[in-house]
Every structure is written in structure tokens, then in C-alpha cells.
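Guided by the hints, dock chain A onto chain B, whose structure is given.
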Amino acid sequence: MKILVPVKRVVDYNVKVRVKSDGTGVDIANVKMSMNPFDEIAIEEAVRLREKGVASEVIAVSCGVTQCQETLRTAMAIGADRGILVETPADVDLQPLAVAKLLKALIDKEQPGLIILGKQAIDDDCNQTGQMLAALADLPQATYASKIEVADGHALVTREIDGGLEILSVSLPAVVTTDLRLNEPRYVTLPNIMKAKKKQLDTFKPEDLGVDITPRIKTLKVSEPAKRSAGIKVPDVAALVDKLKNVAKVI
Amino acid sequence: MTALVIAEHDNASIKVATLNTVTAAAACGGDVHVLVAGHHAAAAAAAAAQIAGVSKVIHVDSETLAHALAENLAAEVLAIAAHYSHILFPATAAGKNVAPRVAAKLDVAQISDITQVASPDTFERPIYAGNAMATVQSSDSTKVITVRTTGFDAAASSGGAAAVETPVAQTDSGKSSFKGCEIAKNDRPELTAAKIIVSGGRALGSSEKFNEVMTPLADKLGAAIGASRAAVDAGYAANDLQVGQTGKIVAPQLYIACGISGAIQHLAGMKDSKVIVAINKDPEAPIFSVADFGLEADLFTAVPELVRSL
Chain B
114 MKILVPVKRV VDYNVKVRVK SDGTGVDIAN VKMSMNPFDE IAIEEAVRLR EKGVASEVIA
174 VSCGVTQCQE TLRTAMAIGA DRGILVETPA DVDLQPLAVA KLLKALIDKE QPGLIILGKQ
234 AIDDDCNQTG QMLAALADLP QATYASKIEV ADGHALVTRE IDGGLEILSV SLPAVVTTDL
294 RLNEPRYVTL PNIMKAKKKQ LDTFKPEDLG VDITPRIKTL KVSEPAKRSA GIKVPDVAAL
354 VDKLKNVAKV I
Chain A
-1 MTALVIAEHD NASIKVATLN TVTAAAACGG DVHVLVAGHH AAAAAAAAAQ IAGVSKVIHV
59 DSETLAHALA ENLAAEVLAI AAHYSHILFP ATAAGKNVAP RVAAKLDVAQ ISDITQVASP
119 DTFERPIYAG NAMATVQSSD STKVITVRTT GFDAAASSGG AAAVETPVAQ TDSGKSSFKG
179 CEIAKNDRPE LTAAKIIVSG GRALGSSEKF NEVMTPLADK LGAAIGASRA AVDAGYAAND
239 LQVGQTGKIV APQLYIACGI SGAIQHLAGM KDSKVIVAIN KDPEAPIFSV ADFGLEADLF
299 TAVPELVRSL
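Sequences listed follow chains B and A, in order.
Take the first sequence: its position 45, counting from 1, is numbered 158 in the numbering used here, and each next residue is one higher.
Take the second sequence: its position 213, counting from 1, is numbered 211 in the numbering used here, and each next residue is one higher.
Looking at chain B on its own, in the form it has when it is part of the complex (with noise of 0.2 angstroms):
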């Protein structure tokens, strides 16, 4: 069986973005770039997989500019077989329908027995790619999975829910998400990551794949959230008390 695991080149979750002064956007340009964590997530969970036996081989793929290169490569360093990149345009806002779009286009052409995502990224917190492409293909999804256990044509998934938790089984081939606690993804080493540069690495643009990249939603601006500002500190307990009685009035 085959993994299929799309990662997103994203702004390094320890970097503060801030908003340009036109108001067009965030400025990322000479930004710290990392894998979106929950990506991360899923390419530890599918080499897992592969060395249980499992799975007989992990992809990686990437949608977007050319640097996602290096992105597929910290995949393959950490594990992955190989990597597929969907090249786009730098000036074309690649958003999550059009993602989900080609990667139904490359399950096609690969035949997965499972698809693992991220179940969003923390650059535009959309969280809709893996539920999307479940619609697009036609298949079962389990979202904001902790725990994956892989046995008889069926996934056995739990996943985070308000409250608690749910289990859920899907029959293959599914898609699944993955939340923060579904595992701890391993340090890559050096070896490794000479190892991930001979693997195959291949490219293909959307036209290849014959899907349609144009953006449905058009960002009018960006601004600044409202400031919060820093309040006052109380010497003691007491002091705290009396604030939230008699001037805040919330208790």
C-alpha cells in the first residue's frame, strides 16, 4: 500500500508575521520558511506505517513554488521514498480547492491506500484541504486523528473532538488528518538528510494535470488585529479581588 502525504512550505511557526503597510498582505519575504507542523505530523505517522509494514511506500507532494523543494526534501529526510512537486506560479494565490483539486488529480495517477494531511496549516488556519479532497475523490475521511491503527482494508482512527474523543473506522482507501498529539516526529540527521537529495524528486505543473488553479476568493486587504493593551499589575491576591469585584465587575 501506498501513503500519499501533501506538505505545505508555511511561514516558521516562531515567526511573528507582520502586516504590510498597503495593507496587501503579510510581509514574508526574507522569513524563516519550515513544514507546517501538522504536516510534519503525517510524514512521521506514514514512515511509521511503512516500517511496521504497512505501508510499502510514502510520497510526498508538495503544491506551490518552486523552493517547496526543500520543503520535500526535510520529507524525505525524514522519511519519505519520494517527492512530487506541483509546481505553481509565485503570483498565483494557490488556496485550499485548488490544492485539493490536484492532489485528487495525482491519487489517480498514484492509487494510494491512504492519504494523511495536516489538518491545517498555520499560515491561513483554513483547515479544509483533506476534507475536501475526501470529497473531491470520493472517500471516507477521518479528521484530527491521535491514534491510527491500520488492519483488514479499514483504518481504525480516533480523533480529537469537542468534549473527548471518537473512534472511527473507514474503509481504505481513506483520507485522514492529523492533530498535534498523534506523535512526536523524529530528528533528521545529517545522514538522512544526504540520503533525501539522491531521492527522486519529480515536477509536474497544474496543466499536466489538467486542473484549474484560479482563485475563487480574492483577499481585499490585510490589516492589524485590534491591540490588546497591557493592563496594570496588582501587588497582591487582595488587590486582585477588589479589580474583578469592583472595577471589572465579572465576578
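If you're looking for bench data, these hints aren't it; they were derived computationally from the structure.
All clues stand as given, with none of them false.
Not close to chain A: a few residues of chain B, all C-beta gaps over 10 angstroms, as computed:
no., residue
1, Lys115
2, Ser134
3, Lys145
4, Gly166
5, Val167
6, Val205
7, Asp221
8, Val263
9, Pro298
10, Tyr300
11, Thr302
12, Asn305
13, Lys318
14, Asp321
Here are the simulated distance ranges between beta carbons:
no., chain 1, residue 1, chain 2, residue 2, range
15, B, Glu320, A, Thr213, 57 to 67 angstroms
16, B, Ser342, A, Ala41, 43 to 53 angstroms
17, B, Thr137, A, Met(-1), 29 to 39 angstroms
18, A, Ser53, B, Glu164, 52 to 62 angstroms
19, A, Gln114, B, Ala203, 24 to 34 angstroms
20, B, Ile141, A, Glu188, 30 to 40 angstroms
The list that follows gives simulated cross-link-like pairs (lysine-lysine, DSS-like), each with its CA atoms no further than 25 angstroms apart:
no., chain 1, residue 1, chain 2, residue 2
21, A, Lys218, B, Lys346
22, B, Lys334, B, Lys129
23, B, Lys362, A, Lys218
24, A, Lys193, A, Lys272
25, A, Lys103, B, Lys222
26, B, Lys260, A, Lys173
27, B, Lys346, A, Lys269
28, A, Lys173, B, Lys115
29, B, Lys340, A, Lys272
30, A, Lys269, B, Lys358
31, A, Lys193, B, Lys362
32, A, Lys272, B, Lys129
33, B, Lys362, A, Lys269
Ideal Cβ placement from N, Cα and C applies to all residues, glycine included.
Same frame as chain B, now just chain A:
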């Protein structure tokens, strides 16, 4: 122009997130209908019909809808989608699970986590963990939307008198099945609907200490308990208590952060709270930069003292 709200419910009652979503739907400009898809959910449908501003409730009842499986629930929405200009889900774990499936089947984009309706096709939503706000315009004929509940007031749960229709359910997809769940049972208010939240961080040090220190405070205030990602990752608190960019987004009247440093991802989940209190012994902790009242103190002495003084 009519908007459809997909109700979040437990078959017996409507969850509050539905009420916030109704308000957002009304702001889109037309009539508001509510879909209640469930099993033995007549009580939830009756409650939905009472919501102020709702003109019709579509109640679909079937065993296949008992657990809100994404495949089956999406099929119910798609069966009636053609009648609507806007389809809105609360941006909860359940809503976020199903909405993109509906959008993709309709071949339209989804607008996630809206905090404001500027016009019927233009919405405001946070990006980069709330560090920027984007105003976006959709060119699609149907707008599929998830609603950040903290961005909209709850519609009144009574005063309405909507008609209830009961169409026949779609067939089961047969591709997924519910095997069980573990829902923590307690009498506390739900995190996303609570008026007061007390939240603990890594400084608590262990799950025993987390419970020992945070529970009496929550009990005293009738508050929900939240946690930072660091506390959840360390195993001090359950996963579903995580407040932040990738956890719950909350905006209570009072948020008390105990031993939470205030990483941007945490602030993203709670900075719209009305009053924020931070208790932390590190004077440089970023949480103080958003707190209305900061108390620089060891939480192990300050929190019990707070419990005694309330």
C-alpha cells in the same frame, strides 16, 4: 437570498455555537433556515424552531445521522444546497469537519472562521493565528462558511416560531462507521460557551498539581477549565482543553491564566476575552502584555489564596 445554518446539537438540545452561527447567517441579509440532522432529534429540532430569526427548520432523522459522520451529514446538506446562497457551519470540531466536504462537492471555495460579515460576499477572517485580519471576497455563487463563534453574539434561543419540515434522509455512504467515543463527563460549562475560564500552563508541573490547583478555583467560580498547549503536551490536561490557534478559540467574560507564559499561539485563542487575568512569577512573561490585571506571584500560593478570598 436565504442562508442555511447547520445546527450543532446532541439530538436533545441545540449547542450554543448554533446560536452564534444564526446571528452570522442573519447578517448575510436574507432568511435563515436551520438544518437539524440527527437521530431521534425531534427535541433539538423543536428547540431550533424557537430560535429568534429562524424562519424554517429542516429536520432529517435517521440512524445513519446519529453520529454526524461527515459523509452522511454532507449528503444531507448537498441534497438541499441548491436552495441557498449561504451555507454556514459553526467553526467547531464538528462544523470544520463537514463544511469543506460540502464546499468541494459544490465546487466552491470555503471561507473559514469568519469574524465579521462586511457584505453578502465579503467577510473578515483571522490568518496567521490572529496576527493579521484578512478581508476576503468570494466570487462563488454559493458561499460555504464556518463561523468563529466568538465573533458573533448568540441569537435568542426563544421567541421564534419556525415551521419544521421533515424530509426523508439520504442513504448511508457505507464508507465510515462510528465505533465509540470517550466524552469527559463533568458538570462544568463547555469551554467555548463558558462565562469564566481558568486556564493552566506548564508551570503546574504535573497532572496531579494541575487538578489540585485548578479544580478548586474552577469550582469556586463555576468556571470551565482550559490549558495551554505546553500543559496538554506534557500530559497535565486533556487534549480537548487546549486553548489556542490549533485548539479552542474562546472569549469569556473572564479568563484567568495561571502559569501560562503566553505564546502567540495561545494568545490567538483567548485574546478576545473581556477581562484577562494573568498569574505568573516571571515578570517578563508575554501574557502580561495582554492582561488587564497581572499578578506577579507563585501560582501555588496565589491560586489557593485567591480561592479563599472569593
